[in-house]
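Going down the list, the sequences are from chains A and B.
Just so it is clear: in the first sequence, position 70 is 70 by the UniProt record's numbering, and no numbers are missing.
Just so it is clear: in the second sequence, position 164 is 164 by the UniProt record's numbering, and no numbers are missing.
Misleading hints may appear alongside valid ones.
No distinction is drawn between identical chains; accordingly, a pair holds when it is met within one copy or between any pair of copies.
Stated by the list, open to error - Straight-line distance between alpha carbons at most 27 Å, and here's what the computed DSSO-like set of lysine-lysine pairs gives:
id: 1; residue 1: Lys-278; residue 2: Lys-201
id: 2; residue 1: Lys-37; residue 2: Lys-278
id: 3; residue 1: Lys-189; residue 2: Lys-38
id: 4; residue 1: Lys-245; residue 2: Lys-278
id: 5; residue 1: Lys-201; residue 2: Lys-122
id: 6; residue 1: Lys-122; residue 2: Lys-38
id: 7; residue 1: Lys-38; residue 2: Lys-201
id: 8; residue 1: Lys-122; residue 2: Lys-278
id: 9; residue 1: Lys-189; residue 2: Lys-122
id: 10; residue 1: Lys-245; residue 2: Lys-122
id: 11; residue 1: Lys-278; residue 2: Lys-38
id: 12; residue 1: Lys-122; residue 2: Lys-37
id: 13; residue 1: Lys-245; residue 2: Lys-37
id: 14; residue 1: Lys-278; residue 2: Lys-189
id: 15; residue 1: Lys-204; residue 2: Lys-278
Keep in mind that the hints were calculated from the coordinates and are not lab data.
There are 2 protein chains.
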Amino acid sequence: MGKHAWTTDPGETLRVGDGFRLSGVDPDATPGFDGGKKAGERLLAARREELGDLQERLFAGSRAGEAEGSVLLVLQAMDSAGKGGIVRHVVGGVDPQGVELASFGAPTTEELEHDFLWRVRKRLPRPGFIGVFDRSHYEDVLIGRVRELAPEDEIERRYGAINDFERGIAASGTRIVKVMLHISRDEQKQRLMERLDRPDKRWKYNPGDVDERRLWDQYMAAYQTVFDRTSVPDAPWHVVPADRKWYARLAVQELLIDALENLDPRWPAADFDVEEEKRRLADS
Amino acid sequence: MGKHAWTTDPGETLRVGDGFRLSGVDPDATPGFDGGKKAGERLLAARREELGDLQERLFAGSRAGEAEGSVLLVLQAMDSAGKGGIVRHVVGGVDPQGVELASFGAPTTEELEHDFLWRVRKRLPRPGFIGVFDRSHYEDVLIGRVRELAPEDEIERRYGAINDFERGIAASGTRIVKVMLHISRDEQKQRLMERLDRPDKRWKYNPGDVDERRLWDQYMAAYQTVFDRTSVPDAPWHVVPADRKWYARLAVQELLIDALENLDPRWPAADFDVEEEKRRLADS
């Protein structure tokens, strides 16, 4: 259960608390980790088993009707910050049967006819599952705010609505892990340029990415407001420096392990007579 | 692209063709593979990259609106034959964002009010995705037949309905990979006993498993009928010996790679002016 090269608990170090300033976070740093890329990659591989084991216990408990817990990982970031890599390299390490992924793009006409949380509620993880939101209801106070996609008073209303919503989820047994992957403007430029350069990456590029990039400072301000108003004890935010992909993956893996350890899932007891079943099986 | 230790193409070797007899298949064999467990596990790890690359191309093409293809892996087997291991160790090797898993248990009351294909149609993979059915519409002619869950003429009707259904899916661009994992009765007994012995495996055990096990011969006969009537050129069955888990995983991985290579997904062309975007990005 040791965290090896972690010198401080990433759950503490990266948590958004009182007085947090996004502008004070260095996207290139590796806070709390005493090692480089190689050590980080080794630890990521080593901790996969722990994560997988916890996930299986969680799943087992819910199948036996004994546990009601679930985990919800909310991923937010500017384009190219590495959400997909987290899904692939961190979440991809556990049994796919226990994971529910949801990507939230621009809302459809039908979705726009409902409250902004409508489409999100439908994708919450069932008990026993790890849910992953690739973007989320926070888009409605991020691009929603920057692009003025809703009236100002509606945007204002949403922060409180989000807190109420998440409080309800937490009360029903879901551990919410909110993560902003934080890259620098320069790193984003390099990554987008690489997408343009490589024919096998070009499909990930969207000309709209540059338009959003031009609004970088407005987005950072919108994130700061999100942190000020929605980093609450039941559902704190974590800002993960993400210029180094290996660090971001390692940190998110540790946050997930923490959330699962907190739920403390146990192998369920048999709801049948084990010795009797052994006899029946032996005779069959 | 070499198949290394494969001496024959598993797609050919394991395919159910004319005159196939399930009783002639040795569940402990490793047909077409010239190597043992170690070599098999090494090859599984090595081929993961090829599978992941093909999956990403398929996904990319569909995102760009250029391709309509998808792959549907149908997994059928007696209990404990290793369906879960295939999902975890083979399918788990590709990006979870490109996979759609569906498990079919006993039908709900609502599902029973509809035709047996109703619930299955709703879970077909979208273009660009790999869909995995953990059990499927074949249960309706397997347990359905053995347990007489429907009138005999309805069971008879279903074989033709399945062929029509799958022909339609294939025509719309889906490669259907149908796999029966074939374990021996003895191996099943050992695996179920292990589930009873180990507290961390007990949740997977169901007393009903022994009841089904007692009907082994009837199930094998029902499978034989499935093969006789639904192994068609557009959607052939493959019977994969599964007493050795490593072999079954390796074989299914190869079947998936074959299906994807057959679709031949290409990186999509940019639908924007790459040089112009490089200039816009550089200026931003």
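Inset, instruction - First find the shortest C-alpha distance between Lys-122 and Lys-37 inside one copy, then the shortest across copies, and answer within, between, both or neither for a cut-off of 27 Å. - result: neither (38 Å within a copy, 44 Å between copies)
Inset, instruction - Tell me, please, which holds for Lys-245 and Lys-278 at an alpha-carbon limit of 27 Å: within, between, both or neither? - result: Intra 49 Å, inter 23 Å, cutoff 27 Å: inter-copy only.
Inset, instruction - If the cutoff is 27 Å on CA atoms, where do Lys-189 and Lys-122 land: within, between, both or neither? Let me know, please. - result: neither (35 Å within a copy, 41 Å between copies)
Inset, instruction - Could you place Lys-278 and Lys-189 in one of the four classes (within, between, both, neither) given a Cα distance threshold of 27 Å? - result: Classified as between: cross-chain Cα gap 10 Å, same-chain 62 Å, threshold 27 Å.
Legend entry - Same-copy or cross-copy closeness of Lys-245 to Lys-122 [CA-CA at most 27 Å]: Neither, since 31 Å and 37 Å both go past 27 Å.
Inset, instruction - Indicate which option fits the pair Lys-201, Lys-122 if close means a Cα-Cα distance not exceeding 27 Å: within, between, both or neither. - result: neither (32 Å within a copy, 31 Å between copies)
Legend entry - Homomeric proximity label, Lys-245 with Lys-37: Cα distance no greater than 27 Å: Within. Shortest intra-copy distance 9 Å satisfies the 27 Å Cα cut-off; inter-copy 34 Å does not.
Legend entry - Copy assignment of Lys-189 with Lys-38, given that the CA separation must stay at most 27 Å: Result: close within a single copy only, 25 Å intra versus 44 Å inter.
Inset, instruction - State whether the alpha carbon distance between Lys-122 and Lys-278 is at most 27 Å within one copy, between copies, both, or neither. - result: Answer is neither: 42 Å inside a copy and 39 Å across each miss the 27 Å cutoff.
Legend entry - Alpha-carbon proximity context of Lys-38 and Lys-201, limit 27 Å: So Lys-38 and Lys-201 pass the 27 Å test inside one copy only (25 Å; across, 34 Å).
Inset, instruction - Indicate which option fits the pair Lys-37, Lys-278 if close means a Cα-Cα distance not exceeding 27 Å: within, between, both or neither. - result: neither (49 Å within a copy, 30 Å between copies)
Inset, instruction - Since the copies are identical, ignore which copy is meant and state whether Lys-204 and Lys-278 lie within 27 Å (CA to CA) inside a copy, between copies, both or neither. - result: between (54 Å within a copy, 14 Å between copies)
Violated hints for the displayed structure, listed by number in ascending order: 2, 5, 6, 8, 9, 10, 11 and 12.
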